[in-house]
Structures are given as structure tokens and as C-alpha cells.
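Student: Residue strings, one per chain:
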Amino acid sequence: MEYQSQAVAKYYFTAAIGLFVGQILFGLIIGLQYVVGDFLFPEIPFNVARMVHTNLLIVWLLFGFMGASYYLIPEEAERELYSPGLAILMFWIFLVAGALTILGYLLVPYSTLADLTMNDLLPTMGREFLEQPTITKLGIVVVALAFIFNVGMTVLQGRKTVINLVLMIGLIGLAVFFLFSFYNPTNLVQDKFWWWWTVHLWVEGVWELILGAILAFVLIKTTGVDREVIEKWLYIIIAMTLITGIIGTGHHYYWIGTPEYWQWWGSIFSAMEPIPFFMMTVFAFTMVNKRKREHPNKAAVLWALGTGVMAFLGAGVWGFLHTLAPVNYFTHGTQITAAHGHMAFYGAYAMVVLAIISYAMPIIRGRAANSNKAQVMEMWSFWLMTVSITFITLFLTAAGILQTWLQRISETPMTFMATQDQLALFYWMREIAGVVFLIGLIIYIMSFFVGDDEAA
Amino acid sequence: MDEMFTKSMARNIFYGGSLFFFLLFLALTFDTMGVVPQRDNHENITPTVAAGKMLWEKNNCIGCHTLLGEGAYFAPELGNVYVRFGNSTEAIKGFIKSRPKDGIPGRRSMPQFNFSDEELEQIAQFLKYASEINTAGWPPNKMG
Chain A
1 MEYQSQAVAK
11 YYFTAAIGLF
21 VGQILFGLII
31 GLQYVVGDFL
41 FPEIPFNVAR
51 MVHTNLLIVW
61 LLFGFMGASY
71 YLIPEEAERE
81 LYSPGLAILM
91 FWIFLVAGAL
101 TILGYLLVPY
111 STLADLTMND
121 LLPTMGREFL
131 EQPTITKLGI
141 VVVALAFIFN
151 VGMTVLQGRK
161 TVINLVLMIG
171 LIGLAVFFLF
181 SFYNPTNLVQ
191 DKFWWWWTVH
201 LWVEGVWELI
211 LGAILAFVLI
221 KTTGVDREVI
231 EKWLYIIIAM
241 TLITGIIGTG
251 HHYYWIGTPE
261 YWQWWGSIFS
271 AMEPIPFFMM
281 TVFAFTMVNK
291 RKREHPNKAA
301 VLWALGTGVM
311 AFLGAGVWGF
321 LHTLAPVNYF
331 THGTQITAAH
341 GHMAFYGAYA
351 MVVLAIISYA
361 MPIIRGRAAN
371 SNKAQVMEMW
381 SFWLMTVSIT
391 FITLFLTAAG
401 ILQTWLQRIS
411 ETPMTFMATQ
421 DQLALFYWMR
431 EIAGVVFLIG
441 LIIYIMSFFV
451 GDDEAA
Chain B
1 MDEMFTKSMA
11 RNIFYGGSLF
21 FFLLFLALTF
31 DTMGVVPQRD
41 NHENITPTVA
51 AGKMLWEKNN
61 CIGCHTLLGE
71 GAYFAPELGN
81 VYVRFGNSTE
91 AIKGFIKSRP
101 KDGIPGRRSM
111 PQFNFSDEEL
121 EQIAQFLKYA
131 SEINTAGWPP
141 NKMG
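Chains as they are written, first to last, in the working numbering: chain A, 1 to 456; chain B, 1 to 144.
Bear in mind the hints are in silico, worked out from the structure with no lab data behind them. Just to be clear, a hint being listed does not mean it is correct.
Think about it this way: if two alpha-carbon atoms lie no more than 27 angstroms apart in a straight line, the pair counts; the simulated DSS-like pairs of lysine-lysine are [to be verified]:
no.: 1; chain 1: A; residue 1: K10; chain 2: A; residue 2: K298
no.: 2; chain 1: B; residue 1: K7; chain 2: A; residue 2: K290
no.: 3; chain 1: A; residue 1: K292; chain 2: B; residue 2: K142
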């Protein structure tokens with residue numbers, strides 16, 4: 001490790017992995033509730049468990065992004081972090097606020113939580129992914145501002161690299177677009193329209209800049225390819241991301257009361273959204289093929305390559321599958337959406353965080369790479385998780401096609417609940433794949449605790 | 001990549017392209033804001049409907065249901081439930097009221113929220129309002 005202050009990333013990475021486990025456990029709960037409808041009812045109803053599942057995902061990815069930033073920004077800027085103390089303080093604030101929020105979801109009814117946190121003063125709760133109490137949202141803003149100040153000062157006072165610049169644009173964009181979560185008009189069409197300015201412009205906009213910057217950093221470090229080459233790729237990838245992704249927001253404006261012209265804008269631009277992801281795959285493989293050194297951390301290289309491939313499949317291919325308006329007319333709000341969501345989030349964001357953790361954690365722990373034994377375990381976990389998320393996606397896609405047919409296309413359409421009964425087989429198989437994913441995750445965590453003595 | 005294609009060209013495409021398409025997005029948004037009032041059924045947002053939306057959010061209904069196709073996929077679409085229930089707010093209220101407190105053995109069930117009659121009216125009116133938004137013909141049929 002070149003700079004001592006990079007070590008604060010360890011806190012963030014550790015929390016990220018811990019919350020990741022929670023996310024998967026709750027994923028298994030809601031997966032089971034799909035087929036055993038009364039499982040844990042009424043103690044933990046589906047909506048609560050799902051909220052925990054999705055919110056933990058968001059929070060652990062944010063921990064991962066922050067950890068990645070604290071690790072790579074000082075190294076790129078060639079100086080110590082502006083304030084390691086502030087980074088640690090913000091870590092605890094974010095962790096405690098996050099834990100209290102999750103406990104709030106689980107321990108009291110959601111409406112009680114809304115009353116306790118005085119949601120009426122500024123109602124922002126009860127919207128998908130933005131369920132956090134308003135006070136938690138304010139806490140997120142405070143943490144984000146302190147974080148951006150801290151890394152921003154580091155960048156300003158140090159060497160300016162393209163990776164740092166792109167990462168900063170992504171992080172500032174993340175903070176700015178989160179502000180739309182405070183706008184909750186009574187008019188449902190307006191509410192939905194602006195809600196996407198947080199949700200879409202995050203995951204199909206600024207988060208991709210963060211993803212690109214982290215991936216570029218890992219590739220520079222592990223392949224030794226010339227920075228100029230990697231930076232050029234990074235610019236062109238994120239250019240295509242925003243050129244296609246901003247207007248691509250239109251694919252959410254087909255059926256929510258917005259004008260029909262969005263069906264054209266949304267279809268055309270989001271049909272191009274796979275391009276930057278495809279370029280990312282080509283980028284990762286080209287850089288690894290042109291590598292100037294054999295980095296001892298094979299696992300990190302595997303995660304980096306996996307990010308490119310799985311992001312392209314999950315976000316690119318599975319996104320395209322249902323993004324054209326005439327297709328989306330039938331698939332909107334079905335298991336097809338769930339299938340896409342799972343592989344896209346895993347492939348793009350979970351994997352890039354796991355890639356930087358894989359690269360950085362051994363260094364923070366004082367070695368260039370983990371022992372061969374630990375790396376083999378980590379690679380097992382890579383394949384178990386990646387293959388099982390692929391099967392989760394395939395089973396949900398099968399469920400979604402069948403659902404669309406039975407409920408919306410058939411000449412004798414079935415009700416939603418009758419259709420769901422017909423999908424049970426696929427839901428069971430998805431749940432089994434989910435268990436395999438958990439096994440992969442357990443092996444991943446175990447890989448941190450083996451073979452320290454024979455470290456390279 | 002080709003030597004002819006330099007890093008500064010890539011950078012300019014990033015800044016220029018992003019700025020251009022963000023401005024285009026703003027222009028489309030501006031236009032949408034002008035057109036939406038003809039489609040969004042805002043004239044029917046009464047205080048009862050507004051209170052219904054608050055109830056909808058306070059009970060995290062979106063955590064199981066979809067509304068205009070967005071939300072969770074565990075329970076039926078509610079953007080058109082008013083139509084599906086025969087254009088009847090009474091049917092909606094009756095359904096919500098009748099949910100068993102301890103669920104249904106082995107099956108999915110909506111929780112019993114113990115809404116007052118006033119609250120039931122609010123949520124039903126909110127769902128009626130939602131069903132009258134012009135959604136470009138979605139969903140394909142009344143099953144949602």
C-alpha cells in the first residue's frame with residue numbers, strides 16, 4: 001500500500017461484505033415467500049423483506065463505492081487522503097444509520113416507522129428503493145457530502161488523473177441525482193417521472209462512471225497497460241454510457257401517463273445502451289491480453305473480466321430484451337424485469353465492487369496477493385455466484401415469458417394470482433439457485449481466512 | 001485503439017456528447033411537463049385522493065404490488081384494479097377489509113391493515129384516480 005490512509009477502505013469493504021450477506025439471506029426469504037406464501041407471515045411480510053433485500057443491496061454497493069474511492073483516489077492523486085479521521089467518522093455514522101433503518105423496517109410496522117420518523121413533515125417514504133425514512137435520507141446526504149468533500153480535497157491537492165476525474169463526476173452525480181428522492185408530488189405521474197431521475201440516472205447513468213473508473217483502475221494495476229490507452233477507453237465508454245443512457249430514461253416513460261413520443265426516444269436510445277457495456281467487455285479482455293506483467297492476484301483479474309461479461313449480459317442483453325416499447329407493452333412489470341435486475345446489478349455493480357475488494361484487500365493486509373489456496377477458493381466463489389445468478393436470471397426469464405403469455409397474450413387471460421401458481425416450478429428452481437449463490441458467498445468469505453501463512 | 005483516435009478526442013466526445021444529450025433530455029422533459037396535464041387526471045386529485053396516496057406510501061404497498069407496472073411483482077397490478085373490480089370502489093374496500101389477520105395457510109396474502117372507513121375510502125379513491133390516468137393503452141388487458 002503506497003499511502004497509509006488508503007487503509008480506511010478496509011472498514012468500508014468489510015461492512016459491504018457483511019451487508020451483502022444480509023441482502024442474500026433476505027433474498028432467500030422473499031424467494032421462498034414466492035412459493036410458500038405464508039412463510040414468516042405476518043411477522044415479516046414480503047414487502048418488508050424485499051425492502052431489506054433491495055436497501056441492503058444499495059447500501060452495500062455505496063459502501064463498496066466509497067471504499068473503492070478511499071482506496072484508489074489517494075493512490076491516483078499520489079498523496080494521503082485529506083482526512084482519514086473524517087472517513088472513519090462517516091463510516092460509523094453511515095453504518096449506524098443504515099443498521100437503525102433496517103432494524104426499523106424489521107421491528108415495527110412500516111406505517112409506525114413513518115410516524116416515528118415524522119414522515120408527514122416531508123413525505124418521501126413508501127416509494128420503491130427510496131423507502132428510507134426522510135431522516136435517513138438526510139443522513140445519506142450528509143455522509144455523501146462529507147465523503148465528496150474528503151475525496152474531492154484529496155483530488156484537488158494531488159495529481160489529477162482521468163480515473164480520479166471520472167470517479168469524482170460519478171460520485172457528484174450520485175449525490176446530485178439523489179436529491180430528487182426528496183421530491184414527492186401528489187400527482188402520481190409527476191411522482192413517477194421524477195423518481196426515475198434518481199433511480200435511472202443512478203444505475204444507467206452516473207453509477208456507470210463509477211463502475212468504469214474502478215474497473216479502469218483495477219486493469220491499470222493488474223495488467224500494467226499504459227495509462228494513456230486505458231484512459232482513452234474509459235472516456236469513450238462513459239461517453240457512450242451517457243449519450244445512450246440519459247435519453248434512455250425514456251424507456252421508463254412508456255406507460256406512466258407521459259406522452260407517447262417517449263416510446264420512440266426510449267426505444268431507440270435504450271437499444272444502444274448495450275454498446276458501452278459491450279465496449280467494457282472488449283476493453284477488459286483487450287487490456288488483459290495486452291498485459292505487460294503477470295500480476296500475482298489472478299482472482300482480481302477474474303473479477304474484472306467477469307464484470308465486463310456479466311454487465312454486458314445482465315444490463316446490456318437482458319435490458320435490451322424488454323426495452324423496445326412494443327415488447328415492453330407486454331413484459332412491463334413482470335418477472336422479466338426481475339430477471340434483468342438481478343443479473344444487471346450483480347454483473348455491473350456487485351462484481352466491480354468485488355473486483356476492487358479482491359485487488360485492494362490483500363494489499364491493505366500487507367501482501368501483493370493472497371496465497372494460491374485463498375485465490376482458488378475465491379475463484380470457486382466467483383464461479384458459484386456467477387453461475388447461480390445466471391440460472392436465477394434464466395429461471396426468472398422463463399417465469400416471465402410464461403407469465404406474460406398466460407396473463408397478457410393468451411386469448412383466455414388468467415388472473416395474476418392464478419398465473420403465479422403456474423410459475424411455481426421456476427420459482428422453486430430460482431430458490432435452489434439462490435441457495436447455491438449463498439454457498440458461493442460463504443466460500444468467498446472463507447477465502448479471507450485461509451492460507452495467510454503462505455502468503456505470496 | 002487506433003493512434004488516429006486520441007485521448008483528447010475521446011474526452012471531447014464524452015463532454016460534448018453528455019452535455020448535448022443532457023440538454024436534449026431537459027428539452028424533452030420541458031415539453032413533457034407541458035403535455036402531461038392533459039393526460040395525468042390531475043383534475044381528480046381531491047384531498048381524499050391525496051390522503052390515499054399518503055396511505056399507499058405509509059404502508060409500503062409498492063413493496064408487493066405494481067402501480068402502472070412499477071414496484072414489486074409479488075402481488076397484482078393496482079393501476080387498473082378499479083377497472084378489474086368492475087369500476088367499483090366498494091369492491092376494493094371490501095377486498096382490503098376482508099384480509100385475514102394471520103394470512104392464508106401456504107399461500108400469499110395481503111396483511112390486514114385495520115383501515116378505518118375513512119382510510120378505506122381514501123385508498124380506494126386514490127386507486128380510482130390512478131386508473132383514469134392516460135397510460136397509452138397499458139396494461140394489455142384488465143388482468144393487469
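Student: Would you list, in rising numerical order, the hints stated earlier that this structure does not obey?
Tutor: 3
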